[in-house]
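Taken in sequence, the protein lines are chains A and B.
If you count the first sequence from 1, position 549 lands on 549 in the UniProt record's numbering, and the numbers rise without skipping.
If you count the second sequence from 1, position 108 lands on 108 in the UniProt record's numbering, and the numbers rise without skipping.
There's no promise every hint is true.
Derived lysine to any residue pairs resembling SDA-like cross-links, with alpha carbons at most 20 Å apart [what the hints assert, rightly or not]:
| # | chain 1 | residue 1 | chain 2 | residue 2 |
| --- | --- | --- | --- | --- |
| 1 | A | 213 | A | 187 |
| 2 | A | 739 | B | 72 |
| 3 | B | 74 | A | 487 |
| 4 | B | 72 | A | 705 |
| 5 | B | 72 | A | 733 |
| 6 | A | 213 | B | 4 |
| 7 | B | 74 | A | 744 |
| 8 | B | 72 | A | 744 |
| 9 | A | 213 | B | 96 |
| 10 | B | 72 | A | 708 |
| 11 | A | 918 | A | 933 |
| 12 | B | 74 | A | 669 |
| 13 | B | 72 | B | 25 |
| 14 | A | 739 | B | 67 |
| 15 | A | 918 | A | 886 |
| 16 | B | 74 | A | 705 |
| 17 | A | 739 | B | 66 |
| 18 | B | 74 | A | 450 |
| 19 | B | 74 | A | 708 |
| 20 | B | 220 | A | 420 |
| 21 | B | 74 | A | 451 |
| 22 | B | 72 | A | 736 |
Which chain A residues stay away from chain B? Per the calculated CB distances, all over 10 Å, these [said to hold, decoys possible]:
| # | residue |
| --- | --- |
| 23 | 61 |
| 24 | 464 |
| 25 | 815 |
| 26 | 913 |
Here are some chain B residues pointing at chain A (derived, C-beta under 7 Å) [said to hold, decoys possible]:
| # | residue |
| --- | --- |
| 27 | 23 |
| 28 | 68 |
| 29 | 71 |
| 30 | 76 |
| 31 | 77 |
| 32 | 80 |
| 33 | 145 |
| 34 | 146 |
| 35 | 152 |
| 36 | 231 |
| 37 | 235 |
Hints in this document: simulated from the structure, not taken from any laboratory.
Backbone N, C-alpha and C fix where the C-beta goes; we use that ideal spot for every residue, glycine too.
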Amino acid sequence: MASEEEDGPLVGRAGTLTQVQSDLRNAGPGGTSAVFVTGESGVGKSRLLRETARAMRDAGFSVLSGTCLDIGDALPLHPVLQALRQSGHSGPALAADAGDLLDRVSRDLLTVAGDRRLLLVLDDLQWADRSTRQLLLYLLAGLGDVKIAVLAAVRAEALQGAHPLRKVLAELRRLRSVRVVDLAPLDRDQTVELVTAVAGDTVEAEDADRVYKRSGGNPFVAEELARDLRDGRVELSDTLREIFLSRVDELPPHAHAVVHAIAAGVEPVEHAVLARVVPLPEAELIEAVRAAVAHRFVASADDGYRLRHRLVAEVLAAEVLPAEAAARHRRFAEALEVDAPGDHGRLAHHWQRAGEPARALPSVVAAARSAEELYGFTEAHRYWSSALELISDDAPERTELLAHAAEAAHLCGEHLRALSGLDALALRPDAPNPCDLHLRRARYLAAAGRTATAEEEYERVLTSPDCSPRQRASAAAYLAELLLHLGRYADANARAQEALEMAEVNGSTADLVRASAALGFSAAFREDPDAGLAVIRHAVEIAERSGHPDELGVAYLHLAELLTGPLNSIEEGVLVARRGAERLASLGAGRTYQTRLLAIAAKGLFRVGQWSEADAVLDDAMRHRPSGADAVELLLSRCQLWVGFGDVDAAHRDLDAVATLLAGGGARHVLPMLTLRAGLAMWQARHAEARAAVQRGLTETRSDDLVLIGVLAWHGLRAEAEAHAAGQPVDPGALRRLKVAVERMAAGAGNAAAPVRATIDGYLDLCAAEQARAEGRHEPDLWARAAQAWDRRRQPYPAAYSRLRQAEAALQRRSRKAAATAALREAYATATAMGARPFANEIVSVAQRHRVALADDVPTVPMPAPAPPPDDELGLLTTREREVLAALAEGLTNREIGEQLFISERTVGVHVGHIFDKLQVRTRVQASRVYLTAA
Amino acid sequence: MNQSVWGPAQQEMADLLSNHPDDVPGVVEQLRELQTILTRVPPLLGENPLCDFNKLYLTITEGVLERLYAGKFKDPAFLSRLDVEFAARYFDALRAWAGTGSSPRCPEVWSCLFQRIPGPDCRPLPSACAGVNAHINFDLPFALVTTFDHLGSDPIDDSEQHHDYLEINEIFAESIPGLRRGYLEKWQLLIDMMNGRLDDWWQGEAIEYTRNVAWRNAQKLWGLRHDMTATDRERSTLDNTAAGVNKLLLSPLGAFLQ
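Given only the sequences and the hints, what does the whole structure look like? Please build it.
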């Protein structure tokens, strides 16, 4: 009864088929590819999917297929889990968090694929749930490590209006590994060819022409009209609806019942379920199904029956009497209670449409819980909401359901609904304690960005006599955190002090850690860094005592952020971050925190110029298979390294992956992405591209992100300067807008906290110098000033870059050649130590142009690829640790080592501790011995 | 596209529309090139009604870009996305236009205007207004929903985004000096008749008023955005209402109002 072979002739799609297959085979740099087929209903999208899947399977691909459901109640990830089930997977075990779930599903896909490449075919993607869309982006970004090709069909009608896929496709179509194919209707000749293929050569030309006019080239309609022509029927209608209805009327009665049943069901409809819904003797039922297949309404597969075209269901739904539909859904629900009692989504769907709210409720609640287990909070929220619709206002369950609905709405980012849910909850006679409600409302408000109102809610908890000391401690800690985010450091400091006092007596460890972090940061921002540091160190101790992974993760994160951020004690921050990650790894928990800690470490290492070390840390972090915003951060950090190393392909790959993930949302990462795009384009001398990226960034920046503006404006001015240096025109409009941005930054710097101001000043120096260069002025002093600023910040890359330009400007002025040579050599030493190839080569070309030798005994040549790290007993140590050990073996004290390496004595102490741990020694003498033996 | 609705400009049009600009400078560029191409569409050439709208829209978008560069908006990220999303819907409608009765994917409200491209001639002011009506009353609410969805925030009154959104009204006011108050009020009356809100007609300028309607509609759509059926229903209602206004604007009555 398999009916797919009974497909009509395929006309006018040969070129598209070949192209789609080649696009799918042609994986992008990330090892993935995708083709999205859009087109109107009946234009042949599903057919194209089937034909392509068949050809790809023959070509050795492992093929999985799933279809999204239009019931609006599908469970998260439905189409992918359906596809996995078909190949014998039972579905994912419970995951630890949303990222873990994505990871597990991709591992399952990997298992199915084995060593073949995988093709995932998804039909009716317009009905895909949010989790499925996110999984798709995760896989296409290469984060699942699956060599996957995705082929999906989307109804064009659905993309009008504000469909979420609209935006996703708009972003994805820019990527080299993604194609969006718009399947157009057939033209006149193709339609005639189709008509002839169906109805034979005897068709009159004007008949074929009429089919074309009436079908508008829609192959589905054309084929049906051609059949009428062949069978000598007079077709009076030309809308799909009328065609279908007249066809349904011609069915034998039992087959008619079968088609109506399948149309009302959730596909695929299993035979056993159908047998209960259409109660006929076995033989008659099979006969009826056979007739429905023969009349081309139903397709049969191993897992059950489907309508050949889902449009039939939509047409029939409008024709069926409400009572008739309810009865059919009731029979489905009863049948499923016997045959598939665990399928809550389907049960909920049918019971609701059967008009049986009381029987629907348990299934709806169960479906909500399963959705939450799959971290599909959007779907969970929809289920909780429909549960609320099923019960009356005075039902006792209502309170609990309201609470769940509000929380799910909060978790999926539906801030308005979360808040209105909470309002409804507050009006219940058995509402939770008002203080709890204030706390929750404040959290929701803060998430919605309505900070002023959130602050009021926290204040209410703090002043209400009814609230417990624990609730007050919690409110104070959250409030301090909020004030810190708002940049109100004095207020935050006072609140945090208060919160800490309360939390020490009455609070949970989480409140204590939160309050400490807020206190520490606000103190540091208020120029009392030591006090801040002491508080957060204390928080780490408290978390260590509790041993709870979440608390440890948060505490280490705060300490590492404080050190690498406002205190600019980057090396120590990196150490703390790595120590924290190791600590959590040893507990086997807190994967997200480990990833974030490693991300901080990598960023810090990049800034202090230890790039190969940063590379290793990022590798480590990517092994945790992060998703969402964490993945974007890591990819951006790694891309920054590729740009620095001059690995263009890898940089493009990561930029594409970032763009893929950002197609699903995540506006705050757009700016760093554009900055990197500009940086990469500049090394390739593509000034216009760099300019466009920066200018786009300038229009999308929130004016309070001064550091981000600083980096961006520097990139923009540098692009103009490079263009000028290359003899290409400078864009006066772009230059003017960049100057405006710099002025805005300078004006805003005064209000920034001192540590932030220092960074902004560094960028202002770079911008001023770059602007002079773009205007053709040679100003070594401006560059010397920038170099000093970045030296003070202990960031070798921008410092060395400034030295290069300082030397260049001096050489162009033909003055102070000795100083210029020294600056150039210093920059070159830094560049080679970091492995910054494009930068080093730029230095070499300046040196060659001005006949400066970069070293006394080495010819000035472009830099080769870096050598692999040494592979001996010291291989466990980081580059920095090896440097410390070498100095230690010379007999230097910690203070002397610190002076030699430009790091604090304290940081040297931490390094030495790590060296002892790794080499399993206890004294400096033993450590020296290991070092000397290895060297 | 089965038939050539753009005449000799058909190929240029197809080439231009194969671009999907993703930033405001890109949108300005696309509108500028569109303007050049549109003046070559026979038989009215530069006099065709879409030219009138496109020219106005180009001026307005240039105004947005200028303000973006000058840092006049509180949330430029929001406004840039909105501008891009907004324009994308106009370009989509153009892409879907394949002539009367054969453009199932072109919103009715745009079809009303597009089918007048070959004539009969209508006055520039009502033409521009018909485009503005299609774009604001139909496209804008959806563009807002997509933008908010992308940024992960809600359409809330008095928020920074709302403030920026209202800021655009000034650009409209500056860009339409030809829309004198008398005409605006008559046009306003027309819209209110269509929407059944007669009591509001005198309260403000047309653009400001309809843009507020669009903001309200976006808030309504925002609540429905996960319910595809309800969203579809809302879309066809908006399309019908706005198309009704356009038919009036492009009728002799519209010319009479000028």
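Hint check:
1. A:213 x A:187: holds, 10 Å
2. A:739 x B:72: holds, 15 Å
3. B:74 x A:487: Between residue 74 (chain B) and residue 487 (chain A) the Cα gap is close to 17 Å, so the pair holds against 20 Å.
4. B:72 x A:705: holds, 15 Å
5. B:72 x A:733: holds, 17 Å
6. A:213 x B:4: holds, 16 Å
7. B:74 x A:744: Answer holds: residue 74 (chain B) to residue 744 (chain A) is near 13 Å, not above 20 Å.
8. B:72 x A:744: holds, 11 Å
9. A:213 x B:96: Since the Cα atoms of residue 213 (chain A) and residue 96 (chain B) sit roughly 18 Å apart, the hinted pair holds (cutoff 20 Å).
10. B:72 x A:708: holds, 18 Å
11. A:918 x A:933: Between residue 918 (chain A) and residue 933 (chain A) the Cα gap is close to 16 Å, so the pair holds against 20 Å.
12. B:74 x A:669: With a Cα-Cα distance of about 18 Å, the restraint between residue 74 (chain B) and residue 669 (chain A) holds, given a limit of 20 Å.
13. B:72 x B:25: Roughly 16 Å separates the two Cα atoms, so the pair holds.
14. A:739 x B:67: holds, 15 Å
15. A:918 x A:886: Distance ~15 Å between residue 918 (chain A) and residue 886 (chain A) Cα, so the pair holds.
16. B:74 x A:705: Distance of about 12 Å is within 20 Å: holds.
17. A:739 x B:66: It holds: about 14 Å lies between the C-alpha atoms, which stays within 20 Å.
18. B:74 x A:450: Since the Cα atoms of residue 74 (chain B) and residue 450 (chain A) sit roughly 15 Å apart, the hinted pair holds (cutoff 20 Å).
19. B:74 x A:708: Roughly 16 Å between the alpha carbons, so the hint for residue 74 (chain B) and residue 708 (chain A) holds.
20. B:220 x A:420: Distance ~15 Å between residue 220 (chain B) and residue 420 (chain A) Cα, so the pair holds.
21. B:74 x A:451: holds, 16 Å
22. B:72 x A:736: Given that 20 Å is the threshold and the Cα spacing comes to 16 Å, the pair holds.
23. 61: holds, 30 Å
24. 464: Its Cβ never comes within 10 Å of chain B, the nearest being 26 Å, so this holds.
25. 815: holds, 38 Å
26. 913: For residue 913 (chain A), whose nearest Cβ neighbour in chain B is about 42 Å away, the distance exceeds 10 Å, so it holds.
27. 23: Cβ of residue 23 (chain B) sits 4 Å from chain A, so the hint holds.
28. 68: Where the cut-off is 7 Å and the nearest Cβ of chain A is about 4 Å from residue 68 (chain B), the hint holds.
29. 71: Holds, about 6 Å.
30. 76: This interface hint holds because 6 Å falls under the 7 Å limit.
31. 77: Holds. Min distance 5 Å.
32. 80: Cβ of residue 80 (chain B) sits 5 Å from chain A, so the hint holds.
33. 145: This hint holds: residue 145 (chain B) lies near chain A, its Cβ roughly 4 Å from the closest one there, short of 7 Å.
34. 146: At about 5 Å, which falls below the 7 Å cut-off, the nearest Cβ of chain A leaves the hint on residue 146 (chain B) intact, so it holds.
35. 152: Residue 152 (chain B) check passes; min Cβ-Cβ to chain A is 6 Å, inside 7 Å.
36. 231: Holds, because the Cβ-Cβ distance from residue 231 (chain B) to chain A comes to roughly 6 Å (cut-off 7 Å).
37. 235: holds, 5 Å
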